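J.: Whole structure, please, built from the sequences with the hints as guidance.
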Amino acid sequence: MSREEVLELVCQVLESTDLEALARSDESAVLIAFGEAVGFARYWQEPDLDDEVLASDPLRKALQEVAAAAGASPGFQTLGTSIELDGQVETATRSTGQPTFTPQTPASAALESWRLHVQEDEARAARDRPEELTAPWSGEWWSKPWVGGSTIVETCRRSSDGVPIRFRLEEDEYGLDRALARSRAVPPDAAVLELRCPEDWRALVERWPLEVSASRRHDWWRATGQATRWFMPDFAAAAAEYDAIHLTMAAYLSTAGRPLPVEGGQTLLAGWDPDATFWLTDLAAPDPEHEHWDRDPEDYWRWRIT
Numbered sequence: 001m002s003r004e005e006v007l008e009l010v011c012q013v014l015e016s017t018d019l020e021a022l023a024r025s026d027e028s029a030v031l032i033a034f035g036e037a038v039g040f041a042r043y044w045q046e047p048d049l050d051d052e053v054l055a056s057d058p059l060r061k062a063l064q065e066v067a068a069a070a071g072a073s074p075g076f077q078t079l080g081t082s083i084e085l086d087g088q089v090e091t092a093t094r095s096t097g098q099p100t101f102t103p104q105t106p107a108s109a110a111l112e113s114w115r116l117h118v119q120e121d122e123a124r125a126a127r128d129r130p131e132e133l134t135a136p137w138s139g140e141w142w143s144k145p146w147v148g149g150s151t152i153v154e155t156c157r158r159s160s161d162g163v164p165i166r167f168r169l170e171e172d173e174y175g176l177d178r179a180l181a182r183s184r185a186v187p188p189d190a191a192v193l194e195l196r197c198p199e200d201w202r203a204l205v206e207r208w209p210l211e212v213s214a215s216r217r218h219d220w221w222r223a224t225g226q227a228t229r230w231f232m233p234d235f236a237a238a239a240a241e242y243d244a245i246h247l248t249m250a251a252y253l254s255t256a257g258r259p260l261p262v263e264g265g266q267t268l269l270a271g272w273d274p275d276a277t278f279w280l281t282d283l284a285a286p287d288p289e290h291e292h293w294d295r296d297p298e299d300y301w302r303w304r305i306t
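When we follow UniProt numbering, the leftmost residue of the sequence shown carries the number 1, and every step to the right adds one.
Simulated from the structure, these hints should not be mistaken for lab results. Fair warning: this is a prediction, and the values are worked out from it, not measured in the lab. Take every hint as true, because none was put in to throw you off.
Label pairs and their computed distance ranges (CB to CB):
| id | residue 1 | residue 2 | range |
| --- | --- | --- | --- |
| 1 | Leu14 | Trp301 | 21 to 31 Å |
| 2 | Pro187 | Thr17 | 39 to 49 Å |
| 3 | Leu116 | Leu54 | 31 to 41 Å |
| 4 | Gly162 | Phe40 | 21 to 31 Å |
By construction, the Cβ of each residue, glycine as well, lies at the ideal position given by its N, Cα and C atoms.
T.: Dropping the structure here:
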């Protein structure tokens, strides 16, 4: 479809949208709509035609009205709160084969290993990768505390049907169909940093900055069009004050994929799923019992314990 055809189609959908009905959306409807948006978020490539049309000025006001209605709905209000300390669950997912939980190491060691990896990757990128932004080069593009084989614990809440949120809200979703889940017990006095808006992410980066310009510049230039120095949080340093960092759904919607100014350059929230909490200390104790989940082959959005 051409840009004009896509714009016309979106306008037709917006004209037929019942904002009052949207504002009454339940949890299930919100999760499906949110899941579609999150699954197609890819902050390592250029915006596609749909992205460009949806970000264009002619649609801005109408989409703001849609966002306001959806954000006021009971379904979003239920899911979009601060962390639920008494309902955190850790997941392990696989698109093929059997998922397994990675053996745990102390959080301090895992974070130091993560920071060393980021620093070494940055040094290699500065040495080996071309400076030309248009060069066909890609690498690690996310700004969460994760690398392959990472033992840093990530948790989320469950929706009202008991399914872990991550099964339905995964950025750049790759079609997982089976998973494990286990509860994590969190004490009520856990020091959790809540990311509720873009300013919270900016403040986190400026408090504990970690430069990733060389390692992220090609991917983030494609995603944002910005040629700048790039920074992300030094999560190992943040562990001195916080046990965990939680990204609210509202913060995801208002922050993810947007280049934000920080001292010395810009930052980008990328690869961090809505409602995900990363644990910087060993405070969240795992339940020894695991749940085995499979996606319903007849209904993409339905999961069941097996």
